[in-house]
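S.K.: At position 187 of the sequence shown (counting the first as 1) the number is 187 in the working numbering, and the numbers step up by one without a gap.
Careful, some of the hints might be misleading.
[Claimed, not checked] BS3-like mimics (lysine-lysine), calculated; alpha carbons at most 30 Å apart, straight line:
hint: 1; residue 1: 201; residue 2: 188
hint: 2; residue 1: 184; residue 2: 151
hint: 3; residue 1: 158; residue 2: 184
hint: 4; residue 1: 151; residue 2: 181
hint: 5; residue 1: 230; residue 2: 188
hint: 6; residue 1: 230; residue 2: 192
hint: 7; residue 1: 184; residue 2: 42
hint: 8; residue 1: 187; residue 2: 5
hint: 9; residue 1: 222; residue 2: 158
hint: 10; residue 1: 222; residue 2: 6
hint: 11; residue 1: 230; residue 2: 151
hint: 12; residue 1: 230; residue 2: 158
hint: 13; residue 1: 230; residue 2: 201
hint: 14; residue 1: 181; residue 2: 222
hint: 15; residue 1: 187; residue 2: 151
hint: 16; residue 1: 181; residue 2: 6
Worth flagging that the hints you see were computed from the coordinates, not collected in a lab.
Since we're looking at a predicted model, the values are computed, not measured.
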Amino acid sequence: MYVFKKPNSLTDKPLHYCPGCTHGIIHRLVAEALDELGVEGKTIGVAPVGCAVMAYDYFACDMVEAAHGRAPAVATGLKRAMPDNVIFTYQGDGDLASIGMAETVHAATRNENITIIFVNNAIYGMTGGQMAPTSLPGQVTQTSPYGRDPKTQGLPIKVSEMLSTLDAPYYIERVAVNNVKNVKNAKKAILKAFRNQVEGKGFSLIEVVSTCPTNWGLTPQKALQWVDEKMIPYYPLGVYKDRSADEKGE
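Sequences and hints are given; from them, build the entire structure.
M.R.: So, in structure tokens, the structure goes:
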């Protein structure tokens with residue numbers, strides 16, 4: 001009989017996230033992947049600035065806190081100093097796609113053997129709902145009260161598509177966690193990203209389309225629908241780069 005239980009790689013501390021926020025689901029998927037690979041004891045996570053700033057309270061592995069956007073640089077240093085350890089960053093869109101874009105791009109183009117979990121909820125969550133680099137055209141936020149206007153505020157940054165144009169990164173996939181099917185696919189992608197690192201393949205980034213009911217002004221149920229109706233059409237799910245397919249001649 002299968003017993004559904006908490007992964008060993010998660011602590012017992014209650015999560016602080018808002019009701020309906022899918023950070024908790026993503027935390028669990030990361031922890032399940034670490035458990036399945038048996039690497040919890042040699043894993044170091046890098047926590048961001050943002051809603052997941054207290055990720056060090058939830059993951060049962062060693063954790064390092066990085067300055068805003070600098071997690072890929074910190075992860076690079078950790079991996080080079082301790083190449084036998086598994087190093088991952090857990091970052092939101094305001095952290096990774098704004099102030100941390102340079103660190104992300106250069107870690108990718110060096111094919112650093114690290115794993116990045118990139119949570120895209122199209123808004124700055126912790127600081128009150130400002131427009132993020134990933135906010136959708138027309139999306140109402142605290143700093144775009146009439147909706148994001150591409151003429152003056154630009155178009156959203158599609159991180160997975162952009163990074164996939166680089167030659168070096170090994171694996172980039174966009175997933176979502178708004179329904180059972182997507183959660184299962186997200187788990188497979190996250191597990192593959194960690195396995196790539198264990199096997200020394202190089203840079204893997206999993207972009208997870210996530211919810212922010214509080215700052216979107218929606219109920220948890222409607223936020224899940226909004227992911228389907230608005231976010232996924234603009235941020236299509238799928239594999240954007242997988243060099244293992246090239247190696248197999250596919």
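S.K.: Now look at each hint and say whether the structure bears it out.
M.R.: Taking the hints in turn, this is what the structure says about them:
Of the pairs offered as hints, the one joining residue 201 and residue 188 holds, with about 17 Å between alpha carbons and a cut-off of 30 Å not exceeded. A C-alpha spacing of about 38 Å is found between residue 184 and residue 151, which places the hinted pair above 30 Å, so the restraint is violated. Distance check on the hinted pair: residue 158 and residue 184 sit about 23 Å apart at the alpha-carbon level, within 30 Å; holds. Proposed proximity of residue 151 and residue 181 is contradicted: the alpha carbons are some 36 Å apart, above 30 Å.
Among the hinted pairs, residue 230 with residue 188 is consistent with the structure: their alpha-carbon atoms are about 24 Å apart, no more than 30 Å. At roughly 27 Å between alpha-carbon atoms, residue 230 and residue 192 fall within 30 Å of each other, so this suggested pair holds. Of the pairs offered as hints, the one joining residue 184 and residue 42 holds, with about 25 Å between alpha carbons and a cut-off of 30 Å not exceeded. Of the pairs offered as hints, the one joining residue 187 and residue 5 holds, with about 16 Å between alpha carbons and a cut-off of 30 Å not exceeded.
Distance hint between residue 222 and residue 158 is fulfilled; the C-alpha atoms sit about 24 Å from each other, no more than 30 Å. The suggested pairing of residue 222 with residue 6 holds, with an alpha-carbon distance near 27 Å, which does not exceed 30 Å. Between residue 230 and residue 151 the alpha-carbon distance is near 20 Å, which keeps this suggested pair within the 30 Å criterion. In summary, the hint linking residue 230 to residue 158 is supported, as the alpha carbons are separated by about 14 Å, within the 30 Å threshold.
As the CA atoms of residue 230 and residue 201 are separated by approximately 34 Å, the hinted pair breaks the 30 Å bound. Taken as a hint, the residue 181 and residue 222 pair is honoured in the structure, with Cα atoms around 18 Å apart against an allowance of 30 Å. A C-alpha spacing of about 37 Å is found between residue 187 and residue 151, which places the hinted pair above 30 Å, so the restraint is violated. A distance of roughly 20 Å separates the Cα atoms of residue 181 and residue 6; the hinted pair therefore holds under the 30 Å criterion.
Hints 2, 4, 13 and 15 from the list above are not met by this structure, while the remaining hints are.
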